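Student: One-letter residues, chain by chain:
Number of protein chains: 2
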Amino acid sequence: MRVEIWSDIACPWCYVGKARFEKALAAFPHHDAVEVVHRSFELDPGRAEGDVEPVVTMLTRKYGMSPAQAEAGEDNLGRLAAAEGLDYRTRGRDHGSTFAMHRLLHFAKEHGRQDELLQILYRANFAEERSVYSEGAERLVELAAEAGLDTDAARRVLADPTAYADDVRADEREAAQLGATGVPFFVLDRKYGVSGAQPAEVFTQALTQAWGERPPLRLIEQRQDEADACGPDGCAVPRG
Amino acid sequence: MRVEIWSDIACPWCYVGKARFEKALAAFPHHDAVEVVHRSFELDPGRAEGDVEPVVTMLTRKYGMSPAQAEAGEDNLGRLAAAEGLDYRTRGRDHGSTFAMHRLLHFAKEHGRQDELLQILYRANFAEERSVYSEGAERLVELAAEAGLDTDAARRVLADPTAYADDVRADEREAAQLGATGVPFFVLDRKYGVSGAQPAEVFTQALTQAWGERPPLRLIEQRQDEADACGPDGCAVPRG
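Residue numbers (full-length UniProt numbering), protein chains in the order written: chain A, 1 to 240; chain B, 1 to 240.
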């Protein structure tokens, strides 16, 4: 079974939702048979690379919250993150473009390190004092190295704005096709969707339902006689 | 859409079937949205690592063919391979354990090089004079390097017989659960199965059918009110 998770590094509900999903997955009896793939989704796709501002400024400017409302929201998110065992800096975080990080996540996927890098980027964005947006590519190269990726290769990816850009855009198009308007968005075997950082029990229910309803395999066969295949008793003899 | 292909490096129908499938896939209008994953299947799982014999000897000894029958079969396979543009040495090939190669394919998968390595192993096994079985690990290290893998890391994988062994076994268990008794065995979105090296048109039909019948996504939702998610208009405000 395969679970695809659309998310953005800048999305606090994605950070919390990933932990809730992983709690459900760890307790799911068939978790060894579940493959998790992370997909890209930018909440703020129009933002330029170097355009960085404090989260609270962005919330008040863009969504018309008062500073007190914005800070109260951050405090609540901090409590919900703590309930999942996650660190969360409720004051002083930055907001910026996540496009380069999504490109880097696709590079990491090619090297089997996508989940590691995403967790490291979340932690860097939500829990660490250093900004993941304002220190430039070298900060991301450091984080890539932490995820076990080659630093020179990561540096080359970050230096070339077209590297893996199509993969990011393809994920975003697919999210739209699947009807996702926000993140996190979880898709199980392309059959069931779960929207938002639902409680672990909802993920347990979704995993159980999707697992139980896996359809039996339907064989598409060209002819009734033996197919051109090899088995434990030898290979079909070719009709010359 | 995802296509999983169970195969063995020692299986001539897998070599031919991969080329036929790829012909169909290249002409499939949605090929960019198709992900191909290779899965392990050993035709001769009981064979020890160093136990190598000529293919024709194995065919006569194990399946009771006459040498002339075995050679005629190889000649026919050579013609069918040539029809797909593949080289095939009809005389002098070896047979042996493919377990180490399957372990190496799982290592390659982690580094995004699985398809490249499988094609290289097929060519080494079916088309090259040097035996892929009797020269030991260093021959496989060379082939891994050709696929773009790190030679030291490949050497470490091959030196440790437990490395990726569970992944090979898990693929084989899954093949049995899906009802595959021989290879190649193609599974589309875990919904349709195609057994054997069918003509390209059968793969085209299977791809078309599986694509057309992708189910619409069913949303599993916990509650009617807004989920804890972030969208272009901001994030849901947490209920403290």
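These are calculated hints, taken from the structure and not from any lab test. Given the structure is predicted, the values throughout are model-derived calculations rather than measurements. Hints are supplied without guarantee of correctness; some may be wrong.
All copies of an identical chain are treated as equivalent in the list; a pair is satisfied when it fits inside any one copy or across any two copies.
Here are the simulated BS3-like pairs of lysine-lysine, each with C-alpha atoms no more than 30 Å apart in a straight line [stated by the list, open to error]: (1) 62 <-> 191; (2) 191 <-> 109; (3) 109 <-> 62; (4) 23 <-> 191; (5) 23 <-> 109; (6) 62 <-> 23.
Student: Could you run down the list of hints and mark each one as holding or not?
Tutor: A quick look at each hint next to the structure:
{"no.": "1", "hint": "62 <-> 191", "result": "neither (35 Å within a copy, 45 Å between copies)"}
{"no.": "2", "hint": "191 <-> 109", "result": "both (23 Å within a copy, 25 Å between copies)"}
{"no.": "3", "hint": "109 <-> 62", "result": "neither (33 Å within a copy, 43 Å between copies)"}
{"no.": "4", "hint": "23 <-> 191", "result": "both (21 Å within a copy, 28 Å between copies)"}
{"no.": "5", "hint": "23 <-> 109", "result": "both (22 Å within a copy, 26 Å between copies)"}
{"no.": "6", "hint": "62 <-> 23", "result": "neither (33 Å within a copy, 50 Å between copies)"}
Consistency note: the structure conflicts with the earlier hints numbered 1, 3, 6.
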